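With chain A's structure known, arrange chain B on it following the hints.
There are 2 protein chains.
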Amino acid sequence: MPRLNKAARDLVESGALAHLVTMNADGTPQVAIVWMGVDGDELVSGHLMATQQKLRNVRRDPHVVISFESDKANPIGMRDYLVVRGTARITEGGAPELLHRLAQTHVGPGTKFPPMPDPPPGFVMRVAIDRISGSGEWEAKD
Amino acid sequence: MPRLNKAARDLVESGALAHLVTMNADGTPQVAIVWMGVDGDELVSGHLMATQQKLRNVRRDPHVVISFESDKANPIGMRDYLVVRGTARITEGGAPELLHRLAQTHVGPGTKFPPMPDPPPGFVMRVAIDRISGSGEWEAKD
Numbered sequence: 004m005p006r007l008n009k010a011a012r013d014l015v016e017s018g019a020l021a022h023l024v025t026m027n028a029d030g031t032p033q034v035a036i037v038w039m040g041v042d043g044d045e046l047v048s049g050h051l052m053a054t055q056q057k058l059r060n061v062r063r064d065p066h067v068v069i070s071f072e073s074d075k076a077n078p079i080g081m082r083d084y085l086v087v088r089g090t091a092r093i094t095e096g097g098a099p100e101l102l103h104r105l106a107q108t109h110v111g112p113g114t115k116f117p118p119m120p121d122p123p124p125g126f127v128m129r130v131a132i133d134r135i136s137g138s139g140e141w142e143a144k145d
Numbered sequence: 004m005p006r007l008n009k010a011a012r013d014l015v016e017s018g019a020l021a022h023l024v025t026m027n028a029d030g031t032p033q034v035a036i037v038w039m040g041v042d043g044d045e046l047v048s049g050h051l052m053a054t055q056q057k058l059r060n061v062r063r064d065p066h067v068v069i070s071f072e073s074d075k076a077n078p079i080g081m082r083d084y085l086v087v088r089g090t091a092r093i094t095e096g097g098a099p100e101l102l103h104r105l106a107q108t109h110v111g112p113g114t115k116f117p118p119m120p121d122p123p124p125g126f127v128m129r130v131a132i133d134r135i136s137g138s139g140e141w142e143a144k145d
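Residue numbers (my numbering), protein chains in the order written: chain A, 4 to 145; chain B, 4 to 145.
FYI, nobody ran anything at the bench for these hints, they're computed from the structure. Take every hint as true, because none was put in to throw you off.
Intra- or inter-copy, both count: the list cannot distinguish identical chains.
Simulated pairs of lysine to any residue, SDA-like, Cα-Cα distance not exceeding 20 angstroms:
(1) Lys-75 x Gly-18
(2) Lys-75 x Pro-117
(3) Lys-115 x Arg-82
(4) Lys-115 x His-50
(5) Lys-75 x Thr-108
(6) Lys-75 x Ser-17
(7) Lys-9 x Ser-136
(8) Lys-115 x Gly-18
(9) Lys-9 x Ala-131
(10) Lys-9 x Arg-82
(11) Lys-75 x Leu-20
(12) Lys-115 x Asn-77
(13) Lys-75 x Gln-107
(14) Lys-115 x Met-81
Please read all numbers here as calculations on a predicted model, not as lab measurements.
Bound-form chain A, shown alone (with noise of 0.2 angstroms):
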């Protein structure tokens, strides 16, 4: 399995969104953007309702491609960006605490999210590595 290098994980954890790309079940795809961390090796995004297209959909065909985009740019000016496909899977609760510690990067240090109490347990989006590309240097070499 490909891994990302320090760079990669670097962006995923600064607060750069993840434009997550999902397959609709007549092979269209659907993209949503979402806040996603990093956890061991994989890629997590937390979700608290069962029902997103996006979670019905990864059920179905857990196949996705993530994309992000770098402040960083190339000698030309073109702006470095990572892009992951990977393999997909729901894992049961932990969103809330997954989205308050990636809500203090995306919104800023202090916020308490979700912003209601006795949020629901959630589910988590677990992405294992199948391919790292975009452009710039972001693949672990070891």
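Leaving out everything else, chain B in the frame of chain A:
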């Protein structure tokens, strides 16, 4: 055909990067990040090389999905974003002129682009809009 409202057109023309999803021959999605602009009611991107995977994909299957991040956020801190589902066609020529125009916002005013003498005329991808979604108010109501 749905039309982008002023906020959506301003976002695209602001230098927001386009995450462009095209479909590979095997039915999997391909993601590339490109510069896009608005031309009439369509989205346009410029490409110097005919061999790009995204152009080959569009010639075989014209359905594309494009997502853009906004700098604005909703009241709980989640960033707005625009998703455009469309039908693309490729026209010959005009890529250097379009890329030069887009470089003025993506790289900076006064940028010479493409950074080469005598660039090839290339290709322009024109995306007719089939559906507008995402998080935010992006569709023209009239």
